[in-house]
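So the sequences go chain by chain: A and B. What the first sequence shows, in the numbering used here, is residues 606 to 1093, in sequence order. What the second sequence shows, in the numbering used here, is residues 606 to 1093, in sequence order.
Hints are computed from structural coordinates only; laboratory data are not their basis. Wrong hints could be hidden among the right ones.
Unchecked claim - Using 25 angstroms as the maximum straight-line C-alpha spacing, the simulated DSS-like pairs for lysine-lysine come out as follows:
1. LYS1082(B) with LYS640(A)
2. LYS1045(A) with LYS625(A)
3. LYS736(B) with LYS948(A)
As the list claims (entries may be wrong) - To give a feel for the contact side, a few chain B residues facing chain A, derived at Cβ under 10 angstroms:
4. ILE630
5. GLU632
6. SER635
7. GLN636
8. PHE692
9. LYS694
10. GLU717
11. CYS752
12. MET943
13. LYS1082
14. PHE1086
Claimed, not checked - Cβ-to-Cβ under 7 angstroms is the rule here; a few derived chain B residues that face chain A:
15. ALA761
16. VAL762
17. VAL974
For glycine and all other residues, C-beta sits at the position ideal for the given N, C-alpha and C.
Number of protein chains: 2
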Amino acid sequence: MAKQGESKESKPSEKGITVKKSEDISEWYSQVVLKAGVADYAPVKGCMVIRPLGYAIWMRIQEHFNKVLEKYGVENAYFPMFVPESFFKREAEHAEGFSPEVAWIERKDSSEERLALRPTSEAIMYDSYSKWIRSWRDLPLKINQWCNIVRWETNAVKLFLRSREFLWQEGHCVYETEKECIKEADDYIKEYKSLCESLLAMPVKIGRKTDSEKFAGAVFTNTMEGLMPDGKASQLGTTHHLGQNFSKAFDIQFLGKDSEKHYPFQNSWGFSTRLIGSMIMLHSDDKGLVLPPRVAPTQVVIIPIFREEAREKVLAEAEKLKKALSGLKVRIDQRESMTPGWKFNEWELKGIPVRIELGMRDLESHTFVACRRDTGEKQSYNISEAKQKVSELLDNIQASLFKKAKDSIDARTKKTSNFIEMVQEINQGKWVEVPFCGEKPCEADIREKTEGITSRVITGNISKEHGEASCINCSKKAKHFVIFSKAY
Amino acid sequence: MAKQGESKESKPSEKGITVKKSEDISEWYSQVVLKAGVADYAPVKGCMVIRPLGYAIWMRIQEHFNKVLEKYGVENAYFPMFVPESFFKREAEHAEGFSPEVAWIERKDSSEERLALRPTSEAIMYDSYSKWIRSWRDLPLKINQWCNIVRWETNAVKLFLRSREFLWQEGHCVYETEKECIKEADDYIKEYKSLCESLLAMPVKIGRKTDSEKFAGAVFTNTMEGLMPDGKASQLGTTHHLGQNFSKAFDIQFLGKDSEKHYPFQNSWGFSTRLIGSMIMLHSDDKGLVLPPRVAPTQVVIIPIFREEAREKVLAEAEKLKKALSGLKVRIDQRESMTPGWKFNEWELKGIPVRIELGMRDLESHTFVACRRDTGEKQSYNISEAKQKVSELLDNIQASLFKKAKDSIDARTKKTSNFIEMVQEINQGKWVEVPFCGEKPCEADIREKTEGITSRVITGNISKEHGEASCINCSKKAKHFVIFSKAY
């Protein structure tokens, strides 16, 4: 899929990354995404194209998460992308929260109501829920959808991280009791964390949002936050306990076992293609993309190296090796118009975790050379133990990417109760855990004074054991420990 | 997911289908889709909700077709749903063909161009293609996307068959030579047929469209058509050979092996969630949905039948039976607030291919009773041979649904060269193969004279062996045999 050089002579450097991650992370990031062929800018303002390599990563994420959904009995469905204006306004806080970002379609007919393109689907789904739910026997109702979302943000597109249209999943569940509802809102954020850590090798923090940062219409919001190499936090997923706010607004009622009518409790939760961008920013390097093996659409590329007279022999051996590696995702690059060196650069740029070089000399010694994308380390293995060794290598890469990311994030996670120190640390690319009162006006004050520092996640409540602590800003009694930082 | 009765007392008839397929097929069809919980009308005019049962069928179709895509080296991707007006107009015939159905979004900013919601994605995808394709090495380029599509048709929604928003796949491939391009346009329509026949047990006819019915902007269109029980044809998928029409309009050029610039050849092809509706209309009956086993999200439901004292024993046996059937999609219905009879009706309504009844007497004789959804036939089997017998039963149901549908369609496929007879047959619910000149004005004349009879598919060209034949309408020399009918 990548645009390839016009001839064997074209130099790898022309298509390689031309800036260093440490020097200009924003330009470096765009180059990695574009040149590795993960995504492209669309010709429509504020939009992006997810190219096959990016979409294959999304499909791996879907595959992982569909299994989680099944475990919880959540079923996939599809609701219209059009939300009538009046529905959207039924939950006042919700409507107000989203209104600046909503795109509307032109009316075809003056008698028709104005229609929004979904910025999230609570309003359109819950009207149907109010028809479907009658009795306690219809609960819990657990539905998810994978779909496109439109939020008309004015900012320029930042590939995967900010665009007017993006892909996501949104789960919307309804329960008889608040207890079940809260439990599952908390379970789903843990599942998100597990997806990030086990599949994407991306360490994250989860916890509640402060009131200022919670979802418009929710009782509380759980968030999952990642610290990016540039020191900004990336909000990677949220689960919302909606209480009865929406069931009252949309008149969802059920006849309980007590033969009385009740409003059920609801949660909603989502993560988006932003996961892909954050993962790329975290792991990739000056040579291009670095993909954790578990999410990589291709885990191993075999590059046969030969003079013309040995062609058949080496290719046959490559096929045999591919067969020996069955169960892993392997491709052989036998294109004839590129040199092996050109191919090495290409697959490094595209982040394939393991490259295997296979030449005449290897055939003679019954060995092959495997090169790790993450460290560049090369080692020779016996062909007879290929499956075991390459599997181990992939596991090592997965573990090592996670550890490297975790060490880096731990080193950039600070604690303080001094306001000036907090600001200094954040300006040096860290996120900082501080005691905080939890009040909206105080948080607005912090944001204003610091040009955009916001609370990301509550990491713990302050109980008696911690002694009394004062809020880092207003000096009132602190309620929680909260991570503050800059954010995408 | 289905709305369930408020108590054990509620009668199955209240939730069952209240009209016969033979008496009012349109009302019968809506009731089947709604009451089985496959889909629902949305609160937005012209739109529908695909409920979990319907979406699970769509996921089975996706799973099947993603394997086909892989075989051809077609990769999934995602392009924006917004198409700038100017792009849309680059291929004049294409723009004109779609313009009545296009929905536009309200401009946020007067400097921004008007944006359409994709009615199909040629225009937005091919602009990116013109950036990505430089050399013969970049070809073939084969991309597919699964996405939502918006066509603002004025007609009222007909669940799965006609709605303002629907889901589909659209493949868009680019080739060096016309030969490859045509070959694959023809291959993909064969793959569509194989999907319909092997997975959905739905016999179809494939072939070229006449000029009047081809895609706006195509050189030719292949179509797949099914004959519905009401005698109307349903267009179930199309593949278009676009020639160089779009590569010229979007300035897609590649440097050939001859070092000259060339316009490549393109095809595009798609099928939609309409497949689901047509399949339901074809197989279902007066008791509700009938699902072919290969596409059924649940293939077997086990209903334990017991008095309270035998509860544990029967449930344990049901679990054992489920385990014995591993590899098949089995669920046990152990809900306690419904009677076995209520459950029988429920699962019949929802089209589960095989129902297994398991009671105390069965336990004693080491047998179980299996009931086929399609014929209602019941038979007792030995528990020790459960897996083999139930697998055979599922295969038989699949084959028998296909055969029944094929016999019915064959019996309603007529040939004639007499115009009056053609109209009579079509009005009696048949589709009719006739000699036809192939000319647009003649086809428009037929449509007008008959109030909506259209050509569906060219079944063969008239060669010398057939002798001379005259067009059924204009009496000029006939070029093809063409099936005419009414259509959705």
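For each hint, the structure was consulted:
no., hint, in the structure
1, LYS1082(B) with LYS640(A), "57 angstroms, violated"
2, LYS1045(A) with LYS625(A), "39 angstroms, violated"
3, LYS736(B) with LYS948(A), "22 angstroms, holds"
4, ILE630, "25 angstroms, violated"
5, GLU632, "19 angstroms, violated"
6, SER635, "15 angstroms, violated"
7, GLN636, "16 angstroms, violated"
8, PHE692, "7 angstroms, holds"
9, LYS694, "14 angstroms, violated"
10, GLU717, "7 angstroms, holds"
11, CYS752, "7 angstroms, holds"
12, MET943, "9 angstroms, holds"
13, LYS1082, "44 angstroms, violated"
14, PHE1086, "39 angstroms, violated"
15, ALA761, "14 angstroms, violated"
16, VAL762, "10 angstroms, violated"
17, VAL974, "27 angstroms, violated"
Going down the numbered hints, you'll see the structure goes against 1, 2, 4, 5, 6, 7, 9, 13, 14, 15, 16, 17, while the others check out.
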